[in-house]
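Spelled out from the first residue to the last, the chains are:
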Amino acid sequence: MAKEKVISSLTKEQEAQIPVYRERFRQIGLSTEPTDRSKAEAAVRRAYAYLSESGSSEAANPEIVWADSPMLGAKLAAQYAKGDVNVTTKEIQEQAALASYGSFEAYWVSVYVFIAEQLPVKKDELADVALDIVTHCGVYWTFEDLVVMTPKPSKISMLDSKLHCVDGPALEYPNGDGLYAVNGEIKNSLMEIAIAARLESPETAK
Amino acid sequence: MRKRYLRGNIYGVRRVLYDNSLKLGLAAQIIDILPRDMGLLAYHPYERPADAVKTSLINFMQRIYNQY
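Sequence order for the protein chains is Z and A. When we follow this note's numbering, the leftmost residue of the first sequence carries the number 1, and every step to the right adds one. When we follow this note's numbering, the leftmost residue of the second sequence carries the number 1001, and every step to the right adds one.
Please note that the accuracy of each hint is not assured.
Unchecked claim - Below, in silico cross-link-like pairs of lysine-lysine (DSSO-like), each with a Cα-Cα straight-line distance of 27 Å or less:
no.	chain 1	residue 1	chain 2	residue 2
1	A	Lys1003	Z	Lys90
2	A	Lys1054	Z	Lys82
3	A	Lys1003	Z	Lys82
4	Z	Lys155	A	Lys1054
I should point out that these hints are in silico values taken from the structure, not numbers from a laboratory. The model shown is predicted, which means the values in this text are computed figures rather than measured ones.
Extracted from the complex, chain Z is given alone in its bound form (with noise of 0.2 Å):
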């Protein structure tokens, strides 16, 4: 068997490519256009055939439910994993750790993508797949026999990447819920926000 040739450096056009792809990857993490909820289905489908035909789980034809934000996402998913729609916040709350982060998952799949599209190397066709994903899809969850999907936010407001906002939800889903935050930390309210900007105004230290 012939031995692998090692590509041991860039050449200056695919470097050149590197901050092109950097942007790209950026602003698929950051996206709030509309979700297009065919090809997110299409995206997560493609994903369990190809992980069945090349593995052994019997998982290829997932039924697909959308929750309108992971947040609501979240209470699905530990409903149907308890098989009761009598849930705790605390089973809601541990959805989080189980849950696939769709477009924010971008800056990773930036590496695979760019080694595919840009170097001389064999092709993996789930580099696509995982293009797929974080191009379409939201958060979501991932069972034997079924998969709760949500959308894409519909603002994500940063400041210094970190969410920040001082008037409004810094995230925000296009049913209404998201959460606030300033300089990164999470807010219950505005009026939360509007009492720490107050305590921090210098006439107010007057």
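Position chain A against the provided structure of chain Z, taking the given hints into account.
Showing chain A alone in chain Z's frame:
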């Protein structure tokens, strides 16, 4: 309890992608440049804000209020 399909989540995809890259000899082909150029592409702070959003969302969901 319904059975979760963790292999089918995005982190399962990531693991298989990595495994495949080993099988394809991809890692061997590019390993020399990974720490340098690929590292810049993957971990430069400039394109990690979405990761910061994810962290905030996880923190929020882990203390989700009773209305959900």
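Now the hints, each set against the structure:
1. Pair hint Lys1003(A) plus Lys90(Z) holds up; C-alpha atoms about 19 Å apart against a cutoff of 27 Å.
2. Between Lys1054(A) and Lys82(Z), the direct Cα distance comes to roughly 25 Å. Compliance with the 27 Å bound is thereby established for this hinted pair.
3. A threshold of 27 Å between alpha carbons decides the hint, and for Lys1003(A) with Lys82(Z) the separation of about 10 Å falls inside it, so the pair holds.
4. For the given pair, Lys155(Z) sits about 14 Å from Lys1054(A) by alpha-carbon distance, which is consistent with the 27 Å threshold.
Taken one by one, the earlier hints all hold for this structure without exception.
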